[in-house]
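Residue numbers (my numbering), protein chains in the order written: chain A, 2 to 643; chain B, 2 to 643.
Please keep in mind that the hints were generated in silico from the structure rather than gathered at the bench.
Remember, identical chains collapse to one label, so a pair may be satisfied in a single copy or spanning two.
Simulated crosslink set (DSS-like; lysine-lysine; CA at most 27 Å straight-line):
| id | residue 1 | residue 2 |
| --- | --- | --- |
| 1 | Lys193 | Lys607 |
| 2 | Lys268 | Lys153 |
| 3 | Lys608 | Lys181 |
| 4 | Lys503 | Lys428 |
| 5 | Lys607 | Lys181 |
| 6 | Lys200 | Lys181 |
| 7 | Lys200 | Lys607 |
| 8 | Lys53 | Lys71 |
| 9 | Lys268 | Lys193 |
| 10 | Lys153 | Lys608 |
| 11 | Lys509 | Lys484 |
| 12 | Lys608 | Lys380 |
| 13 | Lys193 | Lys153 |
| 14 | Lys49 | Lys503 |
| 15 | Lys153 | Lys607 |
| 16 | Lys435 | Lys503 |
Protein chains: 2
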Amino acid sequence: MEKFKVTFYPDNKTVEVEKDKTVLSAAISAGVYINSSCGGDGVCGRCKVILKKGEVFSQSSGRLTQEERKRGIHLACAAQVQSDLEIEIPADSRLSLEGLTQEEVNARMKKDYTEPEEVEPAGKSPSEGEFVFAPLSRKVYLELPAPAADEKLSDLERLERQISLAGNISVRHTCLSNIKSLGELLRSSDWKVTASLGKREDFTEILLIEPGDTSCKNFGVAFDIGTTTVSGQLIDLNTGKALGTKATYNKQAQFGSDVITRIMYAKNEQGLEDLHRAVVADMNQMIIGLAGEHNVDLNDVTYAVCAGNTTMIHLLLRVDPTYIRREPYVPTLNFVPVLRASEVELRISPRGLLYCVPGVASYVGGDVTSGVISSGLYKQEQLCVLIDIGTNGEIVLGNRDFLISCAASAGPAFEGSGVSCGMRSSKGAIQKVKISSGSLELSYSVIGGVKPLGICGSGYIDIIAGMLGAGIVDKDGKIKEAKNKKVRQGAEGREFVIAERKDSANGKDIVITDVDIENLKRAKAAIYSGVSMLARHVGLDLAKAEKFFVAGGFGTYLDMDNAIRIGLLPDLPRDRFVFIGNSSLSGARQMLLSSGAVDTAREIAKKITYLDLSAEPRYMDEYMAALFFPHTDLLRFPSIKH
Amino acid sequence: MEKFKVTFYPDNKTVEVEKDKTVLSAAISAGVYINSSCGGDGVCGRCKVILKKGEVFSQSSGRLTQEERKRGIHLACAAQVQSDLEIEIPADSRLSLEGLTQEEVNARMKKDYTEPEEVEPAGKSPSEGEFVFAPLSRKVYLELPAPAADEKLSDLERLERQISLAGNISVRHTCLSNIKSLGELLRSSDWKVTASLGKREDFTEILLIEPGDTSCKNFGVAFDIGTTTVSGQLIDLNTGKALGTKATYNKQAQFGSDVITRIMYAKNEQGLEDLHRAVVADMNQMIIGLAGEHNVDLNDVTYAVCAGNTTMIHLLLRVDPTYIRREPYVPTLNFVPVLRASEVELRISPRGLLYCVPGVASYVGGDVTSGVISSGLYKQEQLCVLIDIGTNGEIVLGNRDFLISCAASAGPAFEGSGVSCGMRSSKGAIQKVKISSGSLELSYSVIGGVKPLGICGSGYIDIIAGMLGAGIVDKDGKIKEAKNKKVRQGAEGREFVIAERKDSANGKDIVITDVDIENLKRAKAAIYSGVSMLARHVGLDLAKAEKFFVAGGFGTYLDMDNAIRIGLLPDLPRDRFVFIGNSSLSGARQMLLSSGAVDTAREIAKKITYLDLSAEPRYMDEYMAALFFPHTDLLRFPSIKH
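Chain A with its partners taken away, still in its complex shape (with noise of 0.2 Å):
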């Protein structure tokens, strides 16, 4: 087979490739980040880049112009190589993926709520409701009794007798290698050793076994795998703190923006082995910046909890995740067994293990299980709703007697995909937006005080609910003809211009079109849709919930007002909504501190009903009926009526 060179710029990375293979694999067997939000389909016209030298192949593909192909732009995953290459990457064109700053991720933690299932500190009782502080791994400080004449029990034996008396623990298995040399271990340390005891199912382990006094150096990781971003915590296992949190893009992004597409490029020869790389390669990352951070080695990193959707974790594990997107859905499993966290090449200590929140469904993942830990839903007395607004869409419904979930396939709309100007809420985007009714004069503010590069989900919401404040746009989700010159006929029918291209970061136009609108008025509709099926399905009114927790970064930014305004969410009280944050991320930290979350998250798994709206008649007209803004039914929104 022949071989070609292929140079990417401005990275100056080369890499060979064979014949006919495309510039997208070629940048992924690079190592170089090219946005390709379809995973490599031809469609979303994201991986745009420039053929310096050399010669490609490339489909015809109706997402370039006739001008920019003149440019020599093409389609990375259309392009074929078909000789030694040398290709530009537009800054456009680039997926970033570094981690997010710290001010980022602070803004995705809660920061004004106080979760009510917190775990109790180490040292204190808990209060009602609260969990017990008992981390899946301890270290346990043990100085044994040698053996004598008249009392000969064996080594092993011995040990186990320690940690009975010590903590009241009746340990149940430990690993050859901890056996080996235990005889060694013993008496050179003088009898005194340090014993890590984690919890599987329902025994505890003896993990490993160290000379002396480490019992003050026993750490854990928390995980919220997400499809876009992936969030790590390294807690102290001994006094329940955080010690810091990180978040950086995941780098399965490469290979597709949502999680349809990544299951599609699992089908690829290595693709389930590339995706299962990119996640932990982002996870270890973290691990060794916030262990490295806080003097921490990574050998004393005992045990990680994952929460993440059905797919991620599936990718995390590398179990193929085909028959997710089959009919009739249905994942290989929601209930992980607790493995060592070796087994995913997670770099804790080697004998460390891994705890993986369980899911409900293909679609309602251990992601949406740890946030109704975190939000204390489960034990609500009222109705209470959650949600979590991203491609999924995850919704729950219920209070301390019942459960309800459903996925709502809102799409990536809300992350800045499928739209022409979208981005993630990053640095460079559009994430408030004030519209004045009169003059339609425009004032924005974008993240990190830059130029701005385009828009987020938060940015896009403030700009219908403006554009409807202004009667620029009709209630279907026209742009009205008007006569101003921020309305404009574009390629794809009219559009707003919400930045002109010499305020812009990369010199174009920011724009919002008809199709933009079409497309976020359907992603809202489906989560609102979601929302009011569920209630339906229940037979309850929705206007009785007491409290709308909000998961995710999305909150970060949002106007209350105008997500309702569009009709994203329902026409509550505002004193009912609940910013959570990262709600998946909190539920890991409380299970990882606490055994007793971690049978609750069992539990509350087992108990939410999963309601597929695909299967469910009369969600089409609930559906059509909230593809309005902000409803078909205005007597639901009140508040907007007048």
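Once you have looked at the hints, place chain B on chain A.
For chain B alone, coordinates are given in the frame of chain A:
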């Protein structure tokens, strides 16, 4: 470091070793087996080899005569390589490690004794006191309902539910390797699969999932790992039937004939690994042989149960055995967690499990626990005794109310080691001897019906009993001066000729010497005084013992009257003695076939008290009193007195 080539004849095997290495270690590297009872200490004199060519540096040894030195004979353990060598190994020095013949194997298995504690075969309900048939691994064929729109249990939960329905078994753990492609496996096999379920300590694991119905193919292996002999049995886990049994000499013998020399050898670089590999090679050879003979695929062997003395189990697991022989003689472990058989390189199914029968103390191992199970000793109403006459001479005394044990360090004399013409009870061994008291006419039978090569334990017992009867030896064990050509003066005192060189296989006289008789007397005294010490310790009369179980291959050729005549066994009515053959292997089989037997074994191992004879002041009196034939106190041997 200078290296030399050493070639061994008649094997014609060459190995390259560093200068100054011993010829014995070169032989070990070359895979040539030389007798080395003392483990290379230059004491036993068994490793004589003939230097044909080249130069060695030999430390002087009293074990070689002037004449032997002239003939170029060296001790392999004391000869250091100084040049390329050619070495001949005489037949005497060769360690025979081939498998035992089927005849020998059969002879070692209990024949005429129906075990009280046998497992009831599959399909029958157990009688009182029998273990219920519940093998440690099962294969269950399952036809799963396919998931549907209204029933979306995950693949793994679906499988677990069906297992629970099929066998009322709650499974708890599955390895990632089974999960990874479970989705594909279930669908490609049309939801018809066979699950292999293995018992861990107190839960059941899904070991393997196979397409279609393979439930008829499920096998296990039971092992008894003896210091001298390793025995294995292949068992059909569907029927409980033993398909075949094999036995072979423990290849660890090349590193020393008893546990102490092997523990010392384990201290060498790679020593522990050498010992581990040697015994595992024996076990694998048996598994492969048995599987081949019975058309069993090794992948269908899903469980292994091993009984062995404490040192053998440490070596099997590569656990450092050092402290077994250091005061206060504490093993690293008596209770071994259930392991993956592959962790010790056993060649059964890669997912198969290994259970080691729990031991009691450093010198009372799982083989004894296993014997207590299979003899049914632990549930007898009356006082009973179990002895295994071997190097350690383990003894258990008790009934259903109590069990007490000890190890009488008898030494390996009855296994043919440490006596001038001793050998194991294999082909060429004089095993039965009759001496007419008048003419001193002597007749013997040889195992295999060939020319004699040496004398095994049962032969020695017959010889001493015969000599006592004929008055050639006194009660103290000294050969009397006699005007008989069979009695003569040898290098180490008087000796009595059993077979002349013209009749022997190696052209040497086969004799018993004063020193031999002294060694055998000490061995029998150690065993007898161990038994009587236990009885004395609990204040019970040995004469009241209802049953006296004699375990081990030793019983096969043993003449009961002669054994009592020399004072090895107590003088009980003959019908109270029960030869139970390889009770360790029988017990291991029972545990493989019944988890109830496993539970019982655990209880028994915890219940058995261990009496350290060396720490008992009264033991020395007992031992001294037993250093006569049959005993100082003839009142104890009423049938001999007359």
